[in-house]
Structure formats: C-alpha cells, structure tokens
Amino acid sequence: MSSYQEALKRQTKSAASRQSEKLTQIVQNFFAKAAHMIVQSRSSGTNSTHSAKASKWFNISLEDSDIPKEDLKLWKGKDIFSFQPLIIEVYLDLRDLTSDQTLILKGHRNAVNVSKSGKKSEIVLERWLLEFDLTSFDSENVELPLIYKRVIVQFRVLFTFLKLLPAFKLHENLMKDRMSGNSPLKVSSRVLDGSRSITSKGRIGLSKKILKSETDDHLKGKKFDPILTPVGALRCSLSYRKNCNFLLNDNETLLSSHFISMESQTQHIPQQPATSPVDNPKRANSLRITSVLNQSSSPSRDFSPARRTARTMSNTSVQPFKVGSMAASPPPSSRQTSERKNSTGTKPIPVTGGSKSNSSASLAALLRSQRNSFGTNDSASMLTGVSLPKSVVSSSLGSYPNSLPAGIPEHVLVSSGSSGTPKFLSSFGSKLHRGSTTSRNNSLEGNTGPNLISNPMLKKTKRSGSDSSAFSTVFSDMEPGSGLYVDDEIGDFVKMLDSKPDLRFASLSPQNSNSSADPLNRFQSLRDHHNMFGDNLSASLIQYNNPFRKGSYSSVVESRSDSSSSAYRQGASEFSASLPMGHSHHDISSTPLKEGTTADLISESVEPGEPYESHHSPFRSTSSHGALQFGSLKPGPGSASVAPLSTLAYAQMHKDDNGTDISSTPIPSHEAMVQKVKSAISSSRRNSRVGNLPPNVQDFRGLSSSVPTHVPHEPRRLYGIDKQIASTGTSSATPSGFKDHKLVVHSQFNEHAIADDDDEDDDGDELHSSSKKYGHHDDEDEELLFAMSDMVFANKYAHN
Amino acid sequence: MEFSLTIVSDLDTVLDNTRGILWTIFFNRLFGPITPKNDYFLGVPYPKVVGATALEDLINSEATSMVKSLTDSPLSQDAAVFKSSIAIKFYERDRHAVCWETWTLRVNVINNRRYPAAPGERHDLDAYREVFENNLMEICDVVDAHKSHIPAITSMETSPFPYRILRQDSSGNSGTASVEYVATTDAGDVIVQSAAANTGVYGEEILRNGYNFIKKMLSE
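So the protein sequences, as listed, match chains E and G. Numbering follows full-length UniProt numbering, with no gaps: position 598 of the first sequence is 598. Numbering follows full-length UniProt numbering, with no gaps: position 161 of the second sequence is 161.
Bear in mind the hints are in silico, worked out from the structure with no lab data behind them.
No farther apart than 25 Å at their CA atoms in a straight line, the calculated lysine to aspartate or glutamate pairs in the DMTMM-like style are these:
id	chain 1	residue 1	chain 2	residue 2
1	E	Lys223	G	Glu138
2	G	Lys147	G	Glu2
3	E	Lys106	E	Asp177
4	E	Lys22	G	Glu157
5	E	Lys106	G	Glu133
6	E	Lys222	G	Glu2
Away from chain E, derived, C-beta distances all over 10 Å, residues of chain G:
id	residue
7	Ser4
8	Asn60
9	Ser61
10	Ser65
11	Lys68
12	Ala87
13	Val98
14	Asn112
15	Pro119
16	Asp124
17	Leu125
18	Asp126
19	Leu166
20	Ile214
Glycine residues also receive a C-beta, built at the ideal position from the N, C-alpha and C atoms.
Work out the full structure: start from the sequences and follow the hints.
This is how it looks when you write it as structure tokens:
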C-alpha cells in the first residue's frame with residue numbers, strides 16, 4: 001500500500017474514530033445535561049450565579065449541576081452501548097413533617113389526607129427516563145451536527161416543559177414557603193440506575209393513586225421525540241402525577257376549617273332553639289371521645305394491601321372532622337337529656353368490654369391522664385381531626401363510598417377525651433367563631449372538605465341541604481365557660497367507666513331519660529326509618545360483649561333510646577359505622593350497631609357490614625381503623641346532619657338541664673354510647689397499634705407517650721441513600737425491574753414497566769457496578785467548540 | 001412549516017400574554033448559545049434568554065403597538081372582543097426570502113374596559129392562564145415533533161436565522177390594516193419599519209427594504 005493510501009486510511013480511520021468519539025460525547029452529555037436540567041429545576045439548592053464551569057453543552061448554559069458526580073458516573077463512561085437507562089425520580093420529601101402536621105392532596109371535588117407523619121417518607125411526583133436505545137437507529141443519519149442540532153432543540157423544549165409540570169409548581173410554592181417561614185416539605189430528586197428495580201416501600205410511589213375517588217388516571221405521560229443516531233436513539237420520557245396540589249396543614253387549622261365546613265354542611269339539622277353552651281361542649285366532648293376511641297382502635301386494624309393507603313390515611317388524620325360532624329348533627333335533646341345526667345361526661349365507652357379492646361378502665365385512666373396533660377388545648381387539637389382523608393374513606397369503604405374511615409371519629413375522640421376538654425371546648429367554640437369567617441371558604445371546606453365529603457353523614461347533610469344552623473348554633477353558643485361543665489362530666493364519666501367497666505351500658509341506661517321531647521321525637525322518627533334495627537337493639541345490649549353478631553347491631557341501636565349505655569354503644573357503633581357514610585345523626589341512631597361494642601368493631605377485624613343493610617358491607621375491612629368501622633352507618637332518610645356520635649352520647653350522658661335542644665338527634669343515650677365505644681376503641685388501639693396516632697394527638701401527650709411509636713425505618717433505609725435506592729431490589733427478585741429496559745422503552749413509560757410501587761421488593765445490595773473512573777470531560781467549552789465546528793463546516797451545504 | 005396559536009386575554013393582560021408566547025417561541029428558535037431564564041405570566045413560567053436586549057425590545061414594542069392599536073381604534077370601542085394577529089417568520093440564513101417557519105398568533109382580547117368582569121369573579125384570569133399554559137404546551141409539542149425542517153445551523157450567533165415579526169390589526173375592518181415589520185440582520189440588529197400597506201404588498205417590498213438597510217449597516 002502506498003504511503004498515500006496508508007495515510008488516507010489512517011485519516012479515514014481517525015476521522016471515523018473522531019466521529020464516534022464525538023457521538024459518544026453527545027450521548028454522554030445528553031444524559032448528563034438532561035439529568036442536570038431536570039434535577040436543577042426541582043432542586044432546593046441555592047441559586048448560584050453562573051459559574052465558570054457552567055455547562056454549555058447543546059447551546060444552553062446551566063448552572064453548576066447539583067447532582068453529585070457519583071450519581072452520574074454510570075453514564076460518563078466511554079461505552080455508550082452499555083449505558084443503562086437513567087431514571088430521575090422527583091419526589092415530595094415528607095421526612096421533615098412533624099406529627100402535628102397533616103399533608104393533604106386537594107382534588108377537584110375533595111381533598112384527601114395523604115400521609116400521617118412518619119408513615120411515608122416521600123411521595124413520588126415524577127419519574128423521568130433517559131435512555132440510549134440501541135434498537136432504534138438511523139444508519140443514514142450520520143451527520144453529527146444534525147444530531148447536535150436536534151438535541152439543542154430537545155433541550156429547549158425540555159427546559160420549557162419542565163416548568164409547566166405540576167411538580168414544578170409545587171416546588172416553587174414550597175420554595176416560597178421555605179423562604180417565608182418554615183416548611184418541612186420540599187421537592188427533591190434523585191438519580192437512579194434504570195436497570196435496577198424500583199420499590200416503593202415506605203413511600204407513596206408513582207403508581208399509587210391518592211385521590212381514589214377521581215376516576216380518570218392520576219398519571220400522565222410524555223414522550224419526547226427520540227433523537228436517532230447511527231447507533232442508537234436518545235430517548236427521554238416522563239410519567240408524572242397530574243395532581244400535585246399537596247397542602248400542608250397544621251392540625252389545628254385543619255380541625256377548625258373542617259369544623260367550620262361541617263358546620264355549614266350540617267344543614268339538615270333542624271334549627272335548634274338556642275342550645276345551651278353546656279350542650280355544645282358536651283357534644284364536642286363526645287366527639288372528641290369518639291375520636292379517641294377510633295384512634296386507639298385503628299392501630300390494631302389490619303388492612304388488606306388494597307386498603308393500606310386508606311388505613312394509613314385514616315390513621316393519620318383522624319381528626320376534627322368527626323368532631324365537626326358530630327357536633328353538628330347530634331340532636332341536642334338527646335345530648336342534653338342523657339348526657340347531662342351522666343356525670344361521666346364524654347368518656348368513650350369501652351364498648352368492647354374486654355374482649356378486644358382495652359378495658360374501659362384503662363381507657364378511662366388514659367383519658368384521665370390525658371386530661372391532666374391536656375392543658376389549654378386549643379381547638380386546634382380538637383379540630384385537627386376534621387380533615388378526614390377522603391382517600392381513606394373511599395379506599396377503605398370500597399363499595400361504600402360514603403363511609404368515613406374510622407379515623408375520623410378517632411380524632412374527634414382524641415380531642416375531646418381529655419381533661420382539657422373544657423378549655424378545649426371553649427377554644428373550640430372560639431375557634432369556630434374565628435374560623436367561621438375565615439375558613440368558610442377554606443379549601444377543605446370548599447369541596448365540602450375532605451372529611452366532609454367522605455363523611456356520609458355530612459354528605460347526607462349536604463344533600464339534604466340542611467343548614468349548618470344546628471351546628472352553628474351548637475358551637476356559636478359555646479362559651480368559654482361551657483368547658484367547665486364538660487370537664488366535670490367527662491370526669492364523671494371516666495369514673496363511671498372505671499367503676500363498672502362491664503356494666504357501663506347497663507349503668508348508663510337508667511340514666512338515659514330523654515328530658516327533651518323534641519330530640520326524642522326526632523329520634524323516634526328516625527327509628528321509624530330503620531326498622532331493621534329496632535328489633536335487635538335490646539338483644540345487642542345484652543350481648544354487647546359479643547363481637548359482631550349478626551343482628552345485634554340493630555339491637556344496639558334500639559337500645560339506644562332505652563339507656564344511655566345503649567346509646568353509647570349505638571352511638572359508638574354508629575359513629576364508627578356512620579362516619580364515612582354521611583349518615584345523619586338520625587341515621588346514627590338507627591344504624592345497626594354491630595354486635596358488641598364499637599371497640600369490638602374497631603379492635604377486631606370484624607366486618608361491621610353484616611348486620612347492616614347490604615350496602616354497609618364495605619366495612620368488612622374496618623380492621624384497624626376506627627374510621628373504617630364507623631363507616632357503616634346507613635344513610636338515613638335524613639336530613640339530619642351527621643350527628644357526631646360522641647356528641648350524641650355525650651348529650652345523653654349529660655342531659656341538658658335547661659332542656660334546650662342541642663341538636664335534632666333524638667337519641668339521648670346515643671352519644672354516650674358512642675363515646676364509650678370510642679374511648680374503648682381508642683384506648684385499645686392506642687395500646688395495640690404502633691405509631692398510628694394522628695398527628696394532632698399532640699395534645700394528648702399522655703396518650704401518645706403511652707403508645708409505642710413505630711419508627712418506619714425501612715423506608716429510610718431504602719431511600720436514604722441514592723445508591724441504596726439504586727441498588728434496591730435484586731434483579732432476580734423483581735421481574736418488572738429494568739432488567740429488560742427495552743420493555744420499558746417501548747411501552748409507555750409508566751409504572752407498569754417499573755416494579756410495582758407496592759410490591760415487596762428485595763433490598764438490593766449496594767451498587768456493585770465497578771466504580772471505575774470514567775472519563776470526565778472537564779473542559780466542556782472545548783467539547784462544545786469541537787461539536788459546533790463540525791456543525792458549521794459540515795452543514796454548509798447539507799440539507800436536513 | 002406553519003403553526004398557529006390562539007391567545008385569549010383581556011386588555012390588561014394581553015400585553016404580557018403576548019410577550020410570553022413570543023418569548024417562548026423565540027426561546028425555542030434561538031439556537032445559539034444562550035443562558036435561559038424564566039419570566040412569569042399569571043404565575044405560569046415561560047422561558048426567556050438572558051441578554052437578548054434587542055429581541056426584548058422588539059417583542060415589547062410589537063406587543064405594545066398591537067395593544068395600542070386595539071384600544072385606539074375608534075371603531076372598536078364597543079366591541080366585546082378585539083381581534084388581532086401577530087406572526088413570526090423565520091428565514092433561512094443564506095436565502096433570506098425562504099421562510100422555513102411561520103408562527104401565527106391569533107390574539108383575542110376581551111374588552112374588559114367596556115365590559116368589565118364582576119369584581120368578585122375573576123375566573124377570566126384563570127381562563128387566560130389556562131389558555132396560556134396550553135399554548136406553551138402546544139409550543140413544546142410542536143417544536144419537539146418537528147425538527148427536520150429546521151435548516152442547518154451554521155453560525156454561533158444567538159439567532160442563527162433571521163426572523164420577522166409581523167403584525168396585523170383587524171378590528172373588524174380589514175381596510176385599515178397596518179403592518180409593522182421588523183427584520184433582523186445576521187448580527188441580531190433590529191430594524192423597525194412601519195408602513196401602512198396592503199397586506200399583499202408588504203412582503204417583498206419590506207423585505208427588500210429591510211435587507212437593503214442591513215447591507216447599508218453592514219457596510220458602515
């Protein structure tokens with residue numbers, strides 16, 4: 001071969017190698033730049049000015065990348081053919097959420113309580129996939145400048161598009177919050193190796209639909225046009241949550257807003273004559289107690305995987321919502337009659353008697369201790385539970401979309417069941433006043449609030465178009481001094497519970513004398529609507545210790561009118577059952593109470609639906625959630641707003657001396673029963689469940705402290721470190737992982753292609769990929785010029 | 001390639017709305033090395049280029065003129081909606097007469113001075129925001145899907161391709177159309193000429209005038 005030929009050969013070879021080298025650089029920088037751009041747009045890093053090292057690749061200059069070099073080393077090597085897909089997860093970091101804060105996802109019609117603090121470490125908002133797909137290529141398109149130009153355009157689009165996504169809006173809002181005040185939330189992102197499977201243990205993955213009520217897909221996808229090179233295609237695609245309207249609420253705000261919204265919704269309650277302030281506190285007390293009951297019982301519930309989220313949610317936010325509903329709906333008369341007489345106040349009735357839940361004695365003691373430690377409880381604590389997570393409702397209730405998770409009542413109970421009740425109530429009332437002007441249009445309320453919507457009782461109220469007048473009267477009349485009355489009553493109730501744990505109902509029954517004619521009439525009229533419950537009520541009273549016997553539920557209901565104890569039980573069961581179902585308080589009264597105490601209902605995974613009409617069956621899986629259990633109240637004919645069972649019970653216990661109607665619920669002993677049940681439930685739950693206290697239970701320090709908190713270490717372990725995350729899941733164990741990334745590539749980039757978020761995943765070993773030092777292009781400007789020079793010269797005559 | 005978008009806004013927001021759309025289009029077509037930044041319209045971020053003062057001035061002047069002409073026209077004081085259009089044309093670097101892309105923005109301006117929205121209900125802003133955001137998404141989709149018609153980039157300037165912004169007001173009266181055009185040189189200079197002319201005439205003439213001017217400038 002002549003030297004000329006050799007020289008030509010060498011030149012050709014070197015030209016070719018130069019070409020391939022440049023192509024390699026383009027591919028490498030595609031990954032790096034895209035990751036850089038995505039992460040930077042979602043990062044909370046300081047806005048540094050453009051440093052000298054700003055990457056100018058693809059004619060777009062970005063600030064220094066926040067991504068640790070370690071994370072991207074997989075895509076810095078020379079062997080672009082072995083590049084794994086690069087995944088970037090953008091997530092909402094919940095790790096700094098405190099226990100008194102509730103995260104809500106606001107939907108079109110409702111809002112859902114997303115995560116109790118500590119339960120889930122993060123919520124995945126977006127998942128980006130970058131890959132170099134070797135199966136698609138364009139062997140005719142070898143013009144590097146052309147490829148470079150297309151990548152330029154791609155990055156222009158990417159930059160524009162990144163800012164239009166919901167996660168960016170959330171990120172911006174959170175950044176503002178962080179600057180102005182303290183926001184524990186932040187949007188972060190991480191880089192993952194796409195060849196590894198992805199697990200979503202301990203976090204809310206992308207595939208998990210939070211707003212279960214919304215029928216359309218919660219995810220959306222976007223696939224960018226692939227850029228074809230001679231050897232492969234550069235692909236960028238994305239799957240993201242459409243709704244990132246996450247709001248953070250202090251439980252206090254939540255409670256008050258819910259309370260207000262519930263007030264506005266409890267329109268079905270007939271206008272009550274001016275209720276005495278005493279009644280209101282009592283009702284509130286009963287509400288709180290109920291929530292306590294629920295609270296304690298929810299932890300013990302076992303949720304089916306399908307209901308996990310619901311359970312989580314119901315556990316979390318059980319809050320004031322119930323308080324509001326209960327306060328609004330219960331018939332004042334019933335309250336004032338039996339409750340007033342019952343000095344024990346709104347102590348939850350340990351309906352379970354003994355079998356499943358903690359003894360009432362323990363509950364009472366717990367409540368007492370709480371009361372002492374409750375201190376000046378502002379309405380916040382009481383109201384915290386208001387935001388009943390709709391998701392809980394919908395998910396847990398299944399076919400019974402209206403049922404409220406048991407969590408609702410729990411919160412209510414929690415807030416009410418302490419010694420701080422009196423002050424609680426007063427602040428509660430004042431909160432209402434304050435809130436009434438401000439939080440009426442609260443987002444929570446807007447769509448009837450998360451809890452409101454999901455609370456069948458409230459729903460009924462809303463549907464019936466009843467006024468919140470009853471509710472508002474109740475609370476508006478509440479005066480600071482009213483709390484005192486409540487406190488005494490609660491204490492009395494607690495004593496009563498302590499003294500006769502098993503005979504609570506019996507002891508209460510004689511006290512149930514409905515002094516007010518109106519509530520009783522109302523109650524009776526309600527009962528007429530629920531014939532099925534009438535027969536079994538008395539039977540259930542006797543058998544209240546027997547969990548969930550068919551037919552006993554109704555009997556419990558029946559007995560409600562007979563005795564305060566029955567009312568309690570009924571109330572409790574109704575409360576647990578009815579919350580999600582938006583029953584009016586009328587319904588509550590007539591709702592068939594599951595056999596046995598509500599605590600039984602709650603503490604065991606008993607299916608509450610049985611004795612009920614068929615549509616109550618969704619409550620089968622009420623396990624572990626007081627909220628769930630409360631869901632099975634049948635929607636009554638009613639106009640009556642959801643009467644907080646605890647309120648009813650409370651009213652029964654402490655009858656209103658002046659005979660004014662507190663609410664239209666004519667069930668004197670109902671509230672008492674409810675409260676008892678709830679307290680039992682909550683106590684049992686508290687003891688059995690770990691760490692399921694709603695965030696707003698802070699007031700119940702005694703309570704919370706008594707419950708061992710479960711620290712979800714797993715999620716952190718999984719996701720604390722990028723590497724760990726990347727290596728999570730051995731490839732063999734997760735068939736849906738990225739072993740075959742082609743599958744991912746060609747399918748719509750969505751969750752199905754990735755390991756199911758809820759799947760159990762093997763913890764991957766550490767990234768074992770050799771950490772060889774990859775070539776690192778330090779001098780990007782040089783590279784840029786080189787690429788551009790090709791473009792300029794090569795395209796002088798080129799056509800595209 | 002021709003793309004069209006519809007802008008819906010009211011008299012108070014149309015200026016920023018139009019500016020946002022124009023900027024987004026230019027951001028995606030200024031292929032030279034740029035440093036991006038963001039600006040906002042009703043809370044929706046749109047991209048801009050740092051340092052492109054000439055383009056900034058051009059866009060501002062164009063949008064302002066359009067709005068001014070809408071409001072000044074005596075015929076349109078009672079109209080509920082003002083209509084106008086703005087077009088961006090991109091030309092090949094070497095063959096200035098060849099337009100490889102046209103963006104036509106149909107601007108509908110709600111006459112909220114004559115028919116103001118109720119103070120309690122500002123849902124119209126939400127509507128404008130939504131339309132704006134959809135427009136941005138549309139631009140993204142379009143730009144991403146159509147890349148092959150873009151000529152080769154042969155320069156390192158911010159804007160390797162000359163462009164033109166055309167404006168036409170039609171307040172229901174086609175006879176009073178006025179045209180303003182801007183031509184840019186390769187160096188990014190801006191030439192603004194306004195001429196009241198028939199729509200059929202302006203194209204070539206203005207182009208010729210424009211480039212003559214350019215040549216003049218370049219030779220100086």
